[in-house]
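Construct the entire structure; sequences and hints are all you get.
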Amino acid sequence: MNMSEKTLLLGDEALALGALHAGLSGVYAYPGTPSTEITEYIQSNAFARQRNVHCQWSCNEKTAMEAALGASYAGKRALVCMKHVGMNVCADAFVNSAVTGASGGLVVVACDDPSMHSSQNEQDSRFYAEFAMVPCFEPSNQQEAYDMVRMAFDYSELYHTPVLMRLTTRMAHSRAVVKTADIREENALKFPEDQKRWVLLPAVARIRNEQIIKQYAKYEEDFEQANILDLSSGKADTGVIACGIGWNYLMENINGKPNFPALKVTRYPVSKKQIQTLAENCKRILVVEEGQPLLEKVLKGYLPITTTISGRLDGSLPRTGELTPDILRAALGLGEKEACGKSNVAVPRPPALCMGCGHRDFYTALNNVVKNYPSARVFSDIGCYTLGYLAPFHAINSCVDMGASITMAIGASESGVHPSIAVIGDSTFTHSGMTGLLDAVNMNANITVCISDNLTTGMTGGQDSAALGRIENICLGIGVPKEHVRLIVPLPKNYAEMEQVIKEEIEYRGVSVVVCRRECIQTAKRHLKKQ
Amino acid sequence: MKKDIILSGVGGQGILSIATIIGWAAIKNSLYLKQAEVHGMSQRGGDVQSNLRLSSDPIFSDLIPKGECELIISMEPMEALRYLPYLKKGGWIITNSAPFVNIPSYPELEKVAADLKKEANVISFDSDQVAKDCGAPRSSNMALLGAAAKYIEIIEPETLKDGIRNVFARKGEQIVEDNIKAFEAGFQIATKK
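Here the protein sequences come in this chain order: A and B.
Here the first sequence is numbered in the numbering used here, starting from 1 and rising by one per residue.
Here the second sequence is numbered in the numbering used here, starting from 532 and rising by one per residue.
Hints listed in this document are in silico derivations from the structure and should not be mistaken for laboratory results.
A few of these clues could be false.
[Unchecked claim] Keeping only pairs whose Cα atoms sit at most 25 Å apart, straight-line, the calculated DSS-like set for lysine-lysine is: (1) A/K337 / B/K534; (2) B/K702 / A/K525; (3) A/K272 / A/K235; (4) B/K712 / A/K529; (5) B/K534 / A/K342; (6) A/K218 / A/K272; (7) A/K337 / B/K649; (8) A/K214 / A/K297; (9) A/K257 / B/K534; (10) B/K648 / A/K342; (11) B/K559 / A/K179; (12) B/K702 / B/K559; (13) A/K179 / B/K533; (14) B/K648 / A/K337; (15) B/K534 / B/K620; (16) A/K235 / A/K283; (17) B/K620 / A/K337; (18) B/K648 / B/K724; (19) B/K642 / A/K342; (20) B/K534 / B/K649; (21) B/K559 / B/K534; (22) A/K179 / B/K534; (23) A/K337 / B/K533; (24) B/K724 / B/K534; (25) B/K723 / B/K663; (26) B/K723 / B/K620; (27) B/K619 / A/K342; (28) A/K235 / A/K264; (29) A/K530 / B/K702; (30) B/K681 / B/K648.
Written out as structure tokens, the structure reads:
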């Protein structure tokens, strides 16, 4: 089928459409900024519906990764999408999927968030590809995102390996016109030819390990073609390696014409030979990469010390934060352009819980109770309700990773903290909170778990929550006593009752769960409009 | 020919709709386009912006470099100030004058107005009120786009109107009409100033 057309798409959407057109059978994902729009695009795409492409949200990134691996085992092309910290959650499955290898094309998309616009760290997912010995693709623009995901599926099927595709925030959340290609059929159901490598007993895994190391060297060779080395300018003092979106910032500053040796990197591992050729044409190499100095460190092992390697480690580029065209401008030694001066009047405007949000009423009631317990600690979690840390609530003492509220409350309680309170959202609870609650029940930990249930995954824009309508039954099934699974409705008129319930459960010596349930006002508005 | 525009405001004020309409019109005019947006945490009442780059030649960076922006379109006066270091000297700011106060440290409004006029050309008017006067209180963003229309230059105001019709079509005729009315009222205000 050939229906080439031009569409305005976010980087995330371009990747999603590219995957669909490449013959995708299923996307497996948990929402997380800046990756959410990939799955959402497929969910709302008519062609995907017509093909019945799987696109329902998974409970977490690990279940998503494993389901996609199962689809790949069955010969189908599968996509896994997550934000960078989701890679930590699915790391066990991801790293071992490199050892089993893939059958149907398996592409794992990690969207990194340098500068931490919506994240708790700025970890660089390329490191996961490196230590799992998986090839990594990093597009520099929306068209490449569309085209590259097809190449990633093909590469995955050629080498029977998962491929990691890495996007960063600006790439994920910027729109440009994308030209589409022909639409491929899905793969037919087909079992792997090599059945043995899917059973990772040590004897099998040892053999696979040797194979993967050999294969990894082959990737390096292949990517000599894909990563483009431009030596047309002849020799210069400084040459530049620019990765992914960093290439655009470089081109922006030199009007698209490098007068120095330049290497555009969109694939990893980068060829040692290619780097050495570049080094023969300059004395210093500036490495421009979003995230952490991965390539900069690799270069130090590749080149003699006579070549100066510059980047984030020697201060040529800032050690942290996302790149911008202005940062590149300074690193290239180009002068600043004239602009209006910075305003001293504008003040920061941090995000806040929406007016009318149920989390607000919950925190008001919780604060009223907790003020009577000076030794109370509130361990919170990842979601809109993390904003309860900010004014006017100042209601929480921690936010670490998905699910850490319940488990940290256990540890603190056993160390003598009382009251030890966990605050977790409904979606985060089914993502990684349930197993912690089972620990709490088994240990009979003296904690109070407040599930602030807004019936959705709020922070990422209101995706379906895996917990919908089942929170109490899940808690009972895990073993929380029936009389200590309480329901409250967070509204100002209910403050007295809410406070009474929270107080009673704090006073109870054991595991109790207070479900605080009212629909997210954003999704409620949307539902109202639809009616 | 190129036009680098920063759209700014507070999460939920409708800057992405402005971006969508300009984007639609840019494609209609066969221009190159890059549009960087803010999604995620900041959309909850925080400051949001969109970098919109339109050009007759290919565009490299998704982000506008400092000193290259020619036009700031802002749904909120203090939010316009935040992006001054990106604005060319003598560039234009088209802003809603009605403040969105959701922080205790919000500066005095006179100070905001004074700072706006320091280095840039400014059209500041109460687009919330203009939209209300048109009987379209939810179309403040379109009143603002109307006021900015002739400064976008690379796209004709009529094409932007086609964009409004197209983008809002699925929401029904009444909503299209409301938005066109607000756009025209904003356009008139800018023409008078």
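Honestly, which of those hints from before does the structure not fit?
none
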